[in-house]
Every structure is written in structure tokens, then in C-alpha cells.
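Student: Listed here are the chains, written in short residue letters.
There are 2 protein chains.
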Amino acid sequence: MNEQRAISRRRLLTSAGATGAAGLALGTPTGALAHAAATDDDGPALTALGSTAVPFHGTHQPGITTPMQAHGHLAAFDLAPGAGRREAAALMRRWSTLAAELMAGGTPETDTGVARDAGPASLTVTFGFGHHFFEATGLTDARPEALDPLPLFSADELDPERSDGDLWIQVGADDGLVAFHALRTLQRAGAETAVVRWHMKGFNRSPGATSRPMTTRNLMGQVDGTNNPKPSDDDFDQRVWVPSDGDPAWLAGGSYVVFRRIRMLLDAWETESLDEQERVIGRRKGNGAPLTGGDETTAVDLDAVDADGGAVIAADAHVRVTAPETNGGAAMLRRPFSYHDGFRADGAPDAGLLFLCWQADPRRAFVPVQRKLDRGDALSEYIRHEASALFAVPGGAAEGGYVGQALLEA
Amino acid sequence: MNEQRAISRRRLLTSAGATGAAGLALGTPTGALAHAAATDDDGPALTALGSTAVPFHGTHQPGITTPMQAHGHLAAFDLAPGAGRREAAALMRRWSTLAAELMAGGTPETDTGVARDAGPASLTVTFGFGHHFFEATGLTDARPEALDPLPLFSADELDPERSDGDLWIQVGADDGLVAFHALRTLQRAGAETAVVRWHMKGFNRSPGATSRPMTTRNLMGQVDGTNNPKPSDDDFDQRVWVPSDGDPAWLAGGSYVVFRRIRMLLDAWETESLDEQERVIGRRKGNGAPLTGGDETTAVDLDAVDADGGAVIAADAHVRVTAPETNGGAAMLRRPFSYHDGFRADGAPDAGLLFLCWQADPRRAFVPVQRKLDRGDALSEYIRHEASALFAVPGGAAEGGYVGQALLEA
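Protein chains in written order, with the UniProt record's numbering: chain A, 1 to 410; chain B, 1 to 410.
Pulled out of the complex, with its shape left as it was, chain A reads as follows (with noise of 0.2 Å):
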């Protein structure tokens, strides 16, 4: 299930003020992409970070399963006055040829230039639809039901205009100019069709940054998505991908996305004990293990008890609020980027988690889990939901095809 290939590897990594170290070839170049001629052997190498390609075209969309990238955008528009489903249809198509143009390390034309000399880096475009592009465009026949409004929960602070929207983009990419330039680059070509309704900057580890396979740490310090469903695993594809005999048929191969901005209280968090915020979690900060023994990967054991008979992991423990034993079995793609966009008034970070999550129906994921997460989750002191989305996500485009074509030429 791992899509990316590296697609140059001309050069290896040799460090700024290293000696020498001539590069060695590894894999097969391909040379075939356009960025590859932008390379510059008397220069730096480019390394995997850079010349790395995620493939646009696809059963699945991109940036679902793909590795998480340092840099991400996510930005939701809303279609402008008097564009329906006609010019929707144009502006995916249009979209859908730029994304793979860019994602394939390409310079579409009348380029801005930004991402020249720069490989794809790991760059994925992934368009999504919201409940309401279904009325903008006529549609409401073919809208799931899957994608009616979330319920509120009675935790919600969230902010209207920092939510919902007709069509979503995610941005992903490991080099900061190449995301930049690819949303701008789709946000300009469509500019008479979509408004920008909001927009959100994320970031995760870089690659080579660390050595910890998968996880990633969160803003709390904490080993995050260490239960995530795996591609390999034998349920994956019915967790995650709207399967292509479901309904609607236009969605096959497609998934659903909740977003959530998550502000954490980092000046309530970091004040508690480290013990405490692993009676929180129920995990060990240090390496991610349950509180019940073992490493980061050993299953959690909810039924443990101490020498007093008490549960080791608590009855409101994070991990066990949301785990799938606990939730009818419930389970999704965890796929998020941290924020941090400055200081507030009194001088506590606003930073946070952008929670994605991806899921084959969110009645049946993000819904029931977060519902009991409302009920009881020791870690909600420390927590706001702000900002809530939900977007049907259509599957891949062949070559010649675009996002939602089945939706929007049925």
C-alpha cells in the first residue's frame, strides 16, 4: 500500500561541509520528470526528502495513506455566486490536471516559479466535497447520507467560519516552498469558481529528523497514531475506503474525512506531573508503551489491575476511551498535522492538533468515539475542539480523469 517510489536517487545525501563523499547511485533514475533536469550537479544532492513522487493517479486518492509530510496545508472554499455544477466539473478537471502536473514534479504553465529547481517532495493534492457543494451544484440526490452534519458535542467551541466549506484541499508535501506553491498554484487557477472560505497551516517531523518509525510526537510531547490501521492489516480496506459495490457508487474507492482543530491548553498540560499525564493518556510519555507493560506496539491491557485491585489504566484513560474494544470495534486513519500559529492574549501557545481522520463512514467511526470521548476522556480538561469538517473524499482519478467525475458527469 505504499505508494511512493523514489523516482531520483542520482545523488546521496552528502553533508554541507563533509569532505568529499562522492555520491552513490542507488535505485533506478528514471529521469523521465521534468524536475529532474532542474538538478544541478555542482550544487547540494537532492536526497529522498526531495526527489520523491507520490503518484496522483489511482484507485485511492493521494495523502490518504501516504506517509505523513512535514508541511501541510488544508484549505476548504466555498463555490462562488453562480457556479454550479458545470463549472464545479471544469474546476476539478482543472485541479485534477494541475495536481498531477505538480505532484509529478512538473511546471505547469504560466508556473510561478516557486517550486523551480525543487524535486515533488513527497507533494500530495487530495480534494474533498462538503455537504453543501451537493445544493451549489444541484446534486443533493447523489449527497450520502453518510454526510450529513456532524452531531454537536457538548464540548464544541466551534468557530462557523473556520469550519465546514463546499470543497477542501489538503496539501502535503516535506518541503515548505513546494506545498506553498502547489496550493497556490490551485487556488489561483481556480479562483472564479472558489472563494477560500479557510485555510490552515500544519506541520509534522521531517524526514531524517528522527528515527522513530511511524509515530510521530504530538505538541504534548505524547507518541501519536501508534494504533493507527495499517495498510497490511486484513480490515483496512473496510475501515478506511468506501468499498466499490457501497453506496454511492460515484464515492467507490473514495473515503470520508473529519477534520478538527484541536487547540491544546499547553499551559494547564505541561503544569500536571508526568505522572499524571500518563494516568491521562494511559500511556508512557517516554516510549509510547501502555501503562500495562510492554513497548509502544504491545496491546493495550484494559482489564489489567494493581496490587489494590484498581484498573491501571483508568476508566476515563484516553487510551481506553477510544479504543475499538470499547467502541464496537470502531476504528480510523489518524492522520493529522500539528499547528502552531502564535500566542494568545494571556500568552499560551495557540497550537494544537489539525486531527484528520478517514474512515469508510464516520457514523460508524469518528462519530461513536468521539461521542464517548464527549462522555468521559480524562483528556478533554486539556483540550478545544475549534473547527469541524466533514468531506466526502471521491477515489482516485484514472489518467485522462479527474477527482468526482463520476459524481459530477453521472
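Hints are not guaranteed to be accurate.
As the list claims (entries may be wrong) - Beta-carbon label-pair distances, calculated as ranges:
(1) A:Gly401 <-> B:Gly347: 25 to 35 Å
(2) A:Ala299 <-> B:Thr59: 53 to 63 Å
(3) B:Thr110 <-> A:Glu409: 37 to 47 Å
(4) A:Ala268 <-> B:Gly328: 53 to 63 Å
(5) B:Thr59 <-> A:Ala345: 31 to 41 Å
(6) A:Glu409 <-> B:Pro231: 34 to 44 Å
(7) A:Thr326 <-> B:Gly106: 31 to 41 Å
(8) B:Pro231 <-> A:Gly401: 44 to 54 Å
(9) A:Arg94 <-> B:Thr59: 20 to 30 Å
Hints were generated in silico from the structure; no laboratory data involved. All residues carry an ideal CB built from backbone N, CA and C; glycine is no exception.
On the provided structure of chain A, position chain B as indicated by the hints.
Tutor: Relative to chain A, chain B alone:
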């Protein structure tokens, strides 16, 4: 002058998904620093991106001649009411100790864990003092005239709330979590003495994303930094550093940094033809070469005329107006970050350059050049200066000492 050293290169980059490619040991692992212990031989490789450490102690502060990092934070602070010289000295000692520890990849006591598992990722922390710092600390006698407020320029549209400040921290790192963690750790440790006045975030290319040497591109797509003074230049020290026998003595080995938040009017810029963009700058967009020929590093021929006898480099071309030859030799070390803070109500990106330039005396560098730009720079039509600040940046701390000690303990 390259202060970077690779401190742990036990294992070379292996691409995720590539088969095998066992670790090649290059260089000499020191193993002495705390972060090395956190590496995990079963995980992906920690590359030079993550393992490179920049020393905190030395003649000059880090983050000035250090190669530009992928992530940057600029934060200005005002001293809290009641805080004076003694509190400022304690703050600078605490901040210096923390900065040295973080830059070495260590984990300070009471650490939040956000950077755990990551290498130092070329983290740098740089401290500066603003004009009002000297009043707040009763040290106005020690304030250099070069720190007097910058003149207002006719095109300035400055926001005072995002300008100036008593204290300034620049954080740079090639990993976003490492950068966040450093800034948050410092802010938290200083919260009783220093109140955040403004904060901005920026980015540059990730190492390995491009093979272009030294220079980067800005969000207009232009090659930026070509004519920067280089540490190997004969007059570099004279241009950038306050001399050891200079005035004031406490600033020996230090520098002055001018900060300008420069928004780019990308909707207007991107509408211009390539020819017009190149005329405005005086360089080719593709490779950064002067319009008078050669490649990026070829000197601009300001006297060149075309077949009609007109100047090849227009009278108001940016490269002419900023050329040291036309500014009495004034030159400064530019070391900016790009920024992108979403989109404005009119749909234009709120994006541009966090311009930072370093010089021994702003009255002989930034000020005369900016005066000239203000009078007739073709680029000025496409940019807006929205915030401004000037800080005196002391020399580096010796082991056991702290930044600003010669001022605060004089």
C-alpha cells in the same frame, strides 16, 4: 566560518519503502550527546537533516552565518512590568543555558518531550535587544546610537503591534517540532519576565529538496540571496560584526539585525509577464543570471547598453538600486524566511518575506539602501512593508557565560 558539524551520522539515508540498503557509517560518531541515545536502530535513518548540531557557544551567536533552515520563528517580547536589569540578567542566563542544551539535542529538566526522539536538526537560537530594553533595564547609557529607531520610509505601512520589542528570539531548525519545542521552552521559562509582543513563523527550502547551492527562491519565484556577502569575503567581518575594539564594547562580536515583514502582492506580480518581472528585478527568473548575461554568480554589468543605446538593467531595476556600487559599498547579510499566513478577504495570499539582514551598523547598510529603494525601486509596486524592528544582537556566549552578560553585568 561554517559552524555546522555533523555529530552523528551512524546511518545513512535509506528511503522508506526501498529494500534493505544497510546503514553505511560515514564520519565519526561522537555518541556524547543525549539525543544520540534516543535513536532507534529499527527505525528509519536519522539523516544529516536531523543529526546536525550547531554550537551555541562561540565568538558570534548562531543563526547568522548558519545555513538557512527550513523552519523559523521570530518572537519579540517586552519585559514584564516590574522587571528590570536583574530580572533581565537572570532571564538571559536561563535562556542561554536552555538554548545551549536544546541546540546540542539535549533534553532540559522539566522538558515537555516534544523534541524527544529527534536530533538537533540544525537548531539555532539567537537573542537580540531592542531600543526600549535599555530604558526598562536602566541601561540607556550603554545603548548605541546605531540602535536608534529606523527612519520612516515613505512606502511604510507598519503595524506597531507587530513591530519593535524589548527582546527578540530567532529560532531556526530543519524540523518543525524541534523549532516549536525550542521556542515554547524558552517562552515558558521566561514567562514571568518576558511577555510575547509579536510572533511570526517562516520557512525556507528543506535540505535535500533542491540541488541549488546556497541561494533559495522567494514566493515571487525569484532566486534570492545571490549577492550576499560570504564569510570567505575579505570584508565580511567588517560588514557584519561589531569589531572587538568597536563601540559599544559590550557588543563586540555582535551584529545588528533589521527585520521587515514584507508582504508580496502576488495577485499583481503573477499577472505580469516574465519579461516584465525580469525587467523589474534585473535578473532572469529561471537561473538568476543578470540580464547582462552569464550565470547566477556573474557580476551585473550596470553600464551595459542594448542596441538602441538604452540601459540593459533599467534605472529602477531592483538589482541596480540595491547594488553596493550604487550605495557607497553598503552591503548586508540577508537571511530571510518566507511566510504564508493564509489568505486575505480579497483572496490574495497573506504571504511574503520575513526579511532579516545583518550588519555591523544599520546606518551604513540597511538604512541607506532602503532610502534608495524607497525613492525608486521598480519592485516597490509589488510589495508592502508591514512591520519593522531593529535589534542589537550581542556576540556569542562563552561556555559558562550567557548572551548579553557584558552589558547586563558591566
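Student: Next, verify each hint and record whether it holds.
Tutor: Cross-check of the supplied hints:
no.: 1; hint: A:Gly401 <-> B:Gly347: 25 to 35 Å; in the structure: holds, 28 Å
no.: 2; hint: A:Ala299 <-> B:Thr59: 53 to 63 Å; in the structure: holds, 54 Å
no.: 3; hint: B:Thr110 <-> A:Glu409: 37 to 47 Å; in the structure: violated, 59 Å
no.: 4; hint: A:Ala268 <-> B:Gly328: 53 to 63 Å; in the structure: holds, 55 Å
no.: 5; hint: B:Thr59 <-> A:Ala345: 31 to 41 Å; in the structure: holds, 39 Å
no.: 6; hint: A:Glu409 <-> B:Pro231: 34 to 44 Å; in the structure: violated, 59 Å
no.: 7; hint: A:Thr326 <-> B:Gly106: 31 to 41 Å; in the structure: holds, 39 Å
no.: 8; hint: B:Pro231 <-> A:Gly401: 44 to 54 Å; in the structure: holds, 53 Å
no.: 9; hint: A:Arg94 <-> B:Thr59: 20 to 30 Å; in the structure: violated, 54 Å
Violated hints for the displayed structure, listed by number in ascending order: 3, 6, 9.
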